[in-house]
Amino acid sequence: MKYKAQALEGKWQKEWDEAGVFRCLDEVSAPKYYCLEMFPYPSGRIHMGHVRVYTIGDLIARFKRMRGFQVLHPIGWDAFGLPAENAAHRHGTHPAKWTYENIDFMRQQLKELGISYDWDREFATCTPDYYRWEQLFFLWMIRDGLAYRKRASLNWCEECQTVLANEQVNRDGTCFIHDQTPVTQRELDQWFLGITKYADELLSGHEELRGGWPENILEMQKNWIGRSEGAEIDFPLPGGGKITVFTTRPDTLYGATFMSMAPEHPLVMEFARKSDREKEVRAFVDRVTRQDKIARSSEEMEKEGIFTGGHCVNPMTGKEIPIFAANFVLYEYGTGAVMAVPAHDQRDFEFARKYGLPVIAVIQPEEEKLVAETMTCAYEGPGRMDGSGPFTGQDNETGKREITRHLERKGIGRGKVQFRLRDWGVSRQRYWGCPIPVIHCRKCGLVPVPENELPVVLPEDLPYTREKGNPLASAEDWVNVACPSCGAPARRETDTFDTFFESSWYFLRYVDPKNGREPLDPSKMRAWMPVDQYVGGVEHACMHLIYARFFHKYLRDKGLAFGNEPFRRLLSQGMVCMATQECPKHGWRYPEEVDAAGNCLQCGEKVAVGRSMKMSKSKRNVVEPSALVERYGADTARLFSLFAAPPEKDLDWSEQGVEGAYRFLGRVYRLVAQKEKALCAAARQAAVAGGEGRRIRQVTHRTLKKVTGDIEERYHYNTAISAIMEMVNFLYLVEEKEWEAAETAAALREAVEILLLMLSPFAPHVAEELWERIGCAGLACRQPWPEADEELARAEEVLVVVQINGKLRARIVADADVTEEEIRAKALDDPRVREYTEGKTLKKLVYVPKKLVSIVVA
RNA sequence: GCGAGAGUGGCGGAAUGGCAGACGCGCCGGACUUAGGAUCCGGUGGGCAACCGUGAGGGUUCAAAUCCCUCCUCUCGCACCA
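Numbering (the numbering used here), first residue to last: 92 to 949.
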């Protein structure tokens with residue numbers, strides 16, 4: 092009679108596996124549904140964040156299967172990446188070994204959770220069978236001019252003799268391994284992908300996604316892409332040549348009194364050298380380039396600059412203006428130089444006041460007249476053009492267009508749409524990644540590896556040491572090759588791809604994961620894409636999701652993908668959080684290092700309970716999924732994850748909440764087990780009945796309608812579960828005799844069957860077990876989702892509340908088909924209402940059908 | 001700093017302009033029991049009450065947790081972590 096999750100879960104996982112119920116076949120007539128969760132990085136073990144995403148995805152997959160869809164629900168491993176190298180560095184384990192062992196362990200953990208994956212489609216991105224195709228895509232991209240080389244600056248540690256990721260740089264600018272060594276910037280040639288060519292389409296594609304994607308994600312992407320309209324303007328240099336700037340305010344051109352350049356801009360040092368200011372300018376540039384880029388763009392950051400010694404000419408006024416290097420100008424954005432209009436840009440204003448540069452107001456607002464000398468801040472709003480030659484008097488929006496036209500006619504400027512989005516740097520100076528299929532030849536330069544020589548396989552048998560940077564560089568057998576073009580000795584590129592490369596197309600490969608002839612089979616792509624539901628963390632809002640959309644568009648242009656957008660719907664789930672515990676002597680404590688009374692098990696001191704934060708090993712506020720499954724079973728872990736919060740919100744982990752979920756499943760189990768005999772004896776067809784039978788059926792169908800809507804339309808699984816709980820509470824209160832009487836027993840059998848089917852996507856193992864116990868044929872997870880009987884689900888009575896002057900004063904029960912007149916009369920006649928309205932004038936009466944009557948009296 | 005979110009009982013949450021607190025946890029009481037940290041049943045925002053209550057303050061409305069403005073606090077992302 093007792094609910095024993097463990098034995099029962101193993102049994103059903105085996106049954107599902109043997110029946111192959113989750114294998115997704117290509118040739119089926121049912122409509123397709125592609126449900127995908129963001130694949131995991133094989134970091135070692137599953138964490139609660141994984142449990143949450145995969146449970147949400149599985150709920151959707153199982154639900155859609157019951158809804159009659161042929162569901163594709165795959166899983167794989169995002170298996171290249173930095174942690175494998177860090178592990179190698181720390182523990183001496185080879186990245187490949189570490190990765191494959193982690194995959195084996197985590198696969199087992201996912202299987203224990205009973206997630207309904209088609210395991211036949213599993214792959215790891217670190218295998219040549221997968222990455223060979225992205226090497227091919229890259230060769231295409233080179234040919235299409237979408238991949239190109241550019242110098243870019245990188246974090247460099249002299250001690251490691253290698254490039255560092257941002258996360259490997261300490262806050263104080265030192266190396267994460269050698270905390271005495273300052274990280275410097277070093278310029279290297281890198282591969283870039285021209286994602287900005289798709290910038291406009293990535294933005295306009297939002298129209299297609301609207302409705303299926305959360306609005307906040309679209310907003311974040313929009314800001315990330317950062318489209319802004321303006322103009323490029325050439326400022327001639329007195330000695331010949333020019334500097335081009337991008338501005339969104341061509342209307343303020345007459346007010347440009349100096350120019351600011353990014354300290355990294357090569358012209359900065361050139362000007363300095365020519366004017367003997369090299370020393371002081373160099374000092375400034377060195378200091379600023381060491382500053383944190385985020386801090387540098389902050390508005391609060393002190394605006395700093397230095398005169399470079401150079402001048403250029405304002406093309407409208409013909410005046411020479413000085414050129415400064417300034418800490419707030421970013422080299423990556425626009426042209427790395429901006430015209431400074433202190434009267435109409437706050438940053439320029441602060442800068443001009445600080446360095447005593449002229450301020451000229453060229454836009455006048457409606458209400459007041461700006462005088463440069465008395466301005467205390469920049470005026471950035473609209474107005475009329477002033478001191479702007481022939482444009483004076485125009486409205487500034489007209490002025491933007493007119494000045495741009497004028498510049499275009501004279502050939503010294505042009506209208507330009509600028510994006511904040513930058514081209515994607517994909518080179519990584521690392522070992523554990525996909526080799527970039529290029530060969531460096533002395534004579535021929537960069538030579539792409541010929542397609543028929545792909546894949547360039549990453550040698551996994553290299554001894555891995557951190558000592559000399561990327562081990563690929565010293566793998567002589569691998570690095571030294573004959574140039575494919577001239578046959579002379581040449582060297583392979585030793586950089587590997589950014590791991591976002593792999594995650595940008597894995598969802599396409601799942602459709603046809605074993606295809607050895609081609610990366611993607613067009614007919615299968617047409618059949619299965621797009622992904623109908625994508626589930627993943629909000630932290631991927633910009634980078635992964637934009638890269639993946641970009642890849643899909645490129646592959647569409649190559650005729651391999653179809654449609655414009657790969658993910659029709661997106662659900663971005665919140666984080667899993669838990670309270671932290673801190674011992675005054677031993678610091679952060681794992682939950683199992685604290686006793687029931689809240690004392691540290693090591694020293695007995697009282698631990699301080701901190702506020703709930705994202706689960707992380709560093710704070711030790713983590714719960715091991717395996718321990719949870721061992722203790723309560725997978726169904727409890729799943730049910731709690733779905734019940735504790737709606738999917739898009741952060742979830743607070745609570746041991747007691749888990750306990751509650753477990754208790755609920757026990758309650759369902761006992762209910763069915765206790766009534767097993769009566770249920771098996773009951774008729775299989777619930778009749779349209781009156782009395783108690785009808786009441787039972789009403790509860791059943793109302794619950795079914797609510798649960799269906801919560802899953803299908805609202806994506807609120809927590810309220811779906813609470814509705815199921817309410818139904819179980821109701822069934823517990825049904826009297827013994829009703830389980831026996833024929834008519835009510837049939838209604839109760841129907842209730843229990845529907846209950847188990849509703850429970851099946853949430854807690855599939857226990858649902859399966861009980862489904863079998865009450866003598867139902869087949870697997871619960873293969874049954875069609877039941878249809879709610881609208882007639883039974885409909886409310887027969889409505890509760891109308893009466894407000895008087897905004898305060899709730901009475902409640903009225905009426906038939907569901909009540910008319911407005913009836914309810915008005917009934918409301919005004921109610922004794923409680925009369926008490927408040929007696930002797931007063933009725934000023935207003937609002938009736939919200941079947942919900943509320945609002946009376947205003949004076 | 002910029003961008004995106006969140007803030008409701010003792011706790012997780014429910015209610016998306018219309019009964020604030022569904023459901024669960026915790027707590028209190030009862031039943032059963034040799035026993036209960038099992039199970040089943042009931043109660044549970046505050047206040048004696050009028051009433052008061054959704055981070056703070058203002059506004060719109062017959063009606064605001066929900067819409068608008070100002071502010072506070074917290075979380076996530078910011079391009080080499082995935």
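Derived from the structure by calculation, the hints contain no laboratory data. A couple of the hints might just be wrong.
Computed cross-link-like contacts, PhoX-like style, restricted to lysine-lysine with a CA-CA straight-line distance of at most 25 Å [to be verified]:
1) Lys941 x Lys898
2) Lys605 x Lys615
3) Lys202 x Lys708
4) Lys202 x Lys102
5) Lys394 x Lys370
6) Lys333 x Lys507
7) Lys768 x Lys740
8) Lys942 x Lys796
9) Lys605 x Lys188
10) Lys501 x Lys410
11) Lys931 x Lys917
12) Lys95 x Lys105
13) Lys898 x Lys931
14) Lys313 x Lys507
Restraint-style ranges between C-beta atoms, simulated for each label pair [unchecked claim]:
15) Arg511 x Gly701: 20 to 30 Å
16) Val508 x Ala718: 36 to 46 Å
17) Thr489 x Asn896: 34 to 44 Å
Since the model is a prediction, treat every value here as computed from it, not as a measurement. Glycine is no exception: its CB is placed at the ideal position from the N, C-alpha and C atoms.
Exercise for the section: Decide if the proposed pair is consistent with the structure: Lys931 and Lys917, CA atoms, cutoff 25 Å inclusive. Expected result: 18 Å, holds
Exercise for the section: Verify the proposed pairing of Lys394 with Lys370, using a straight-line Cα cut of 25 Å. Expected result: Between Lys394 and Lys370 the Cα gap is close to 21 Å, so the pair holds against 25 Å.
Practice task
Take the C-alpha atoms of Lys768 and Lys740, compute the straight-line distance between them, and say whether it is at most 25 Å.
Solution key: With Cα atoms ~42 Å apart, Lys768 and Lys740 exceed 25 Å; violated.
Exercise for the section: Verify the proposed pairing of Lys95 with Lys105, using a straight-line Cα cut of 25 Å. Expected result: Answer holds: Lys95 to Lys105 is near 17 Å, not above 25 Å.
Handout entry: Pairwise beta carbon distance, Val508 to Ala718, judged against the given window 36 to 46 Å
Key = 54 Å, violated
Problem - Restraint status (C-alpha distance of Lys898 to Lys931 at most 25 Å) - result: 16 Å, holds
Practice task
Could you grab the alpha-carbon distance between Lys941 and Lys898 and see if it respects the 25 Å cut-off?
Solution key: Judged against 25 Å, a Cα distance of about 18 Å means the pair holds.
Handout entry: Hinted pair Lys942 and Lys796, Cα distance within 25 Å
Key = At roughly 20 Å apart (the allowed maximum being 25 Å), Lys796 and Lys942 satisfy the hint.
Practice task
Below or equal to 25 Å on CA atoms is what counts here, so check Lys202 against Lys102.
Solution key: 12 Å, holds
Practice task
May I ask you to test the hint 34 to 44 Å on the CB atoms belonging to Thr489 and Asn896?
Solution key: Once the Cβ atoms are compared, 53 Å apart, the range 34 to 44 Å for Asn896 and Thr489 is violated.
Handout entry: Given pair status - Lys507, Lys333, alpha carbons within 25 Å
Key = Holds - the C-alpha atoms of Lys507 and Lys333 are around 18 Å apart, at most 25 Å.
Exercise for the section: Below or equal to 25 Å on CA atoms is what counts here, so check Lys605 against Lys615. Expected result: Given pair Lys605, Lys615 holds - Cα atoms ~12 Å apart, limit 25 Å.
In this structure, the earlier hints numbered 7, 15, 16 and 17 are contradicted, and the remaining ones agree with it.
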